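Asker: Residue numbers (the working numbering), protein chains in the order written: chain F, 8 to 117; chain W, 98 to 321.
Hints were generated in silico from the structure; no laboratory data involved.
Since the model is a prediction, treat every value here as computed from it, not as a measurement.
Ideal Cβ positions, reconstructed from N, Cα and C, are used throughout, including at glycine.
Take these hints with a grain of salt, some might be off.
Partial list, computed: chain F residues near chain W (C-beta under 8 Å) [what the hints assert, rightly or not]:
{"#": "1", "residue": "Glu37"}
{"#": "2", "residue": "Glu41"}
{"#": "3", "residue": "Tyr44"}
{"#": "4", "residue": "Lys46"}
{"#": "5", "residue": "Gln50"}
{"#": "6", "residue": "Gln56"}
{"#": "7", "residue": "Met65"}
{"#": "8", "residue": "Ala66"}
{"#": "9", "residue": "Leu73"}
{"#": "10", "residue": "Leu84"}
{"#": "11", "residue": "Phe85"}
{"#": "12", "residue": "Gly87"}
{"#": "13", "residue": "Val97"}
{"#": "14", "residue": "Glu110"}
{"#": "15", "residue": "Ile111"}
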Amino acid sequence: MLHLSQMRLLVTTLFLIPVCVTGLSAQADEIFSEANYDKEMRQVMEPDQFPVLHHPPMATVMEAGLEIDLDEPVIGLFLGGEARAYPISVMGGVELVNDTCGEIPVAVSW
Amino acid sequence: MYGRTLDGQVLNFGHEGVLYRNSFVMYDKETNSKWLHVTGEALKGELKGKKLGIIPSQIMPYRTWKKRHPDTGVLLGEKVSGMMGTFTLKDRISSFGLSVGEGRNVTLFRFSLLNRLPVLDTTLADAPLVVCFDQTAIYAVAFRSHLSGRQLHFSALSSVPDAEDTRPLMRDAETGSLWLRMTGECLAGELKGSQLEQVPATAWLGNRWMAFFEGGRDVQLEKL
């Protein structure tokens with residue numbers, strides 16, 4: 008347990024963390040370049056071999072029942088007046104969903 | 098979570114079967130451009146350099162989500178266990194952070210830090226914001242802390258004593274108003290009814306974030 012004075016020091020120090028913005032820009036430009044992508048990318052399977060969902064049907068809370076554990080993390084989306092829950096345990100086997108929520112096209116990735 | 102509409106065109110994505118820095122790559126069926134799913138940026142192809150708009154989403158326990166949205170739709174399907182499928186609460190504190198901002202200008206706030214400092218006033222590109230953490234549900238969210246020309250500074254409160262409502266709260270120093278920490282809605286006080294604007298932010302595995310933003314602003318206890 009931190010003493011109050013230690014906590015104050017902690018909070019004060021937090022805002023003094025040096026930020027290496029210039030270094031990041033140069034490095035990031037390389038990481039996000041096509042040349043570096045071509046050099047480092049690894050083709051681990053054929054395109055579309057990994058399953059992707061397109062506009063999957065959604066269950067109601069009642070229909071989902073106990074299939075989703077209450078403590079299970081979900082990616083929650085509330086958009087255009089509509090709410091959707093994408094359980095991490097399901098997304099782990101899909102990784103990508105082309106969906107529409109509140110009539111707005113979205114890509115859910117994990 | 099991204100919008101799929103770019104310059105008026107709706108894109109449909111597939112899995113390229115490629116890993117780049119341990120993160121998978123998407124392609125769009127319309128132009129076959131290659132997109133990083135972790136940043137929503139096209140690295141190759143006709144749409145190279147374009148970015149998908151981030152749509153704010155939150156990772157939280159199903160219990161919390163459906164309490165907030167009882168009419169939510171739920172995706173059902175085959176469950177996958179292991180690293181990509183499930184995380185225990187302890188895993189999430191030690192492994193995840195909230196990446197706030199867009200493009201290169203992002204900052205990672207580690208959950209391990211936010212678990213100790215669940216309401217954190219900070220800045221991003223000179224814009225003041227507050228990063229909030231739910232220590233029970235283990236998720237984070239960020240809001241602009243500038244409201245109607247006034248800069249607010251927040252501190253964490255536990256839930257209202259003896260109340261049934263256990264949602265985490267915070268209070269602003271300027272007016273003493275009471276706010277819902279995870280939705281940015283003001284419940285009581287001078288600013289009652291006000292709503293803080295949510296900032297684009299995504300939960301990342303810390304090591305994957307570092308693979309793209311090494312040298313970036315990584316705010317964690319261990320660095321203090």
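Asker: Does each hint fit the structure? Answer for all of them.
Answerer: Verification of the supplied hints:
{"no.": "1", "hint": "Glu37", "in the structure": "11 Å, violated"}
{"no.": "2", "hint": "Glu41", "in the structure": "5 Å, holds"}
{"no.": "3", "hint": "Tyr44", "in the structure": "5 Å, holds"}
{"no.": "4", "hint": "Lys46", "in the structure": "10 Å, violated"}
{"no.": "5", "hint": "Gln50", "in the structure": "5 Å, holds"}
{"no.": "6", "hint": "Gln56", "in the structure": "6 Å, holds"}
{"no.": "7", "hint": "Met65", "in the structure": "3 Å, holds"}
{"no.": "8", "hint": "Ala66", "in the structure": "5 Å, holds"}
{"no.": "9", "hint": "Leu73", "in the structure": "11 Å, violated"}
{"no.": "10", "hint": "Leu84", "in the structure": "5 Å, holds"}
{"no.": "11", "hint": "Phe85", "in the structure": "6 Å, holds"}
{"no.": "12", "hint": "Gly87", "in the structure": "10 Å, violated"}
{"no.": "13", "hint": "Val97", "in the structure": "4 Å, holds"}
{"no.": "14", "hint": "Glu110", "in the structure": "11 Å, violated"}
{"no.": "15", "hint": "Ile111", "in the structure": "7 Å, holds"}
In terms of the numbered hints stated before, the structure departs from hints 1, 4, 9, 12 and 14, listed from lowest to highest.
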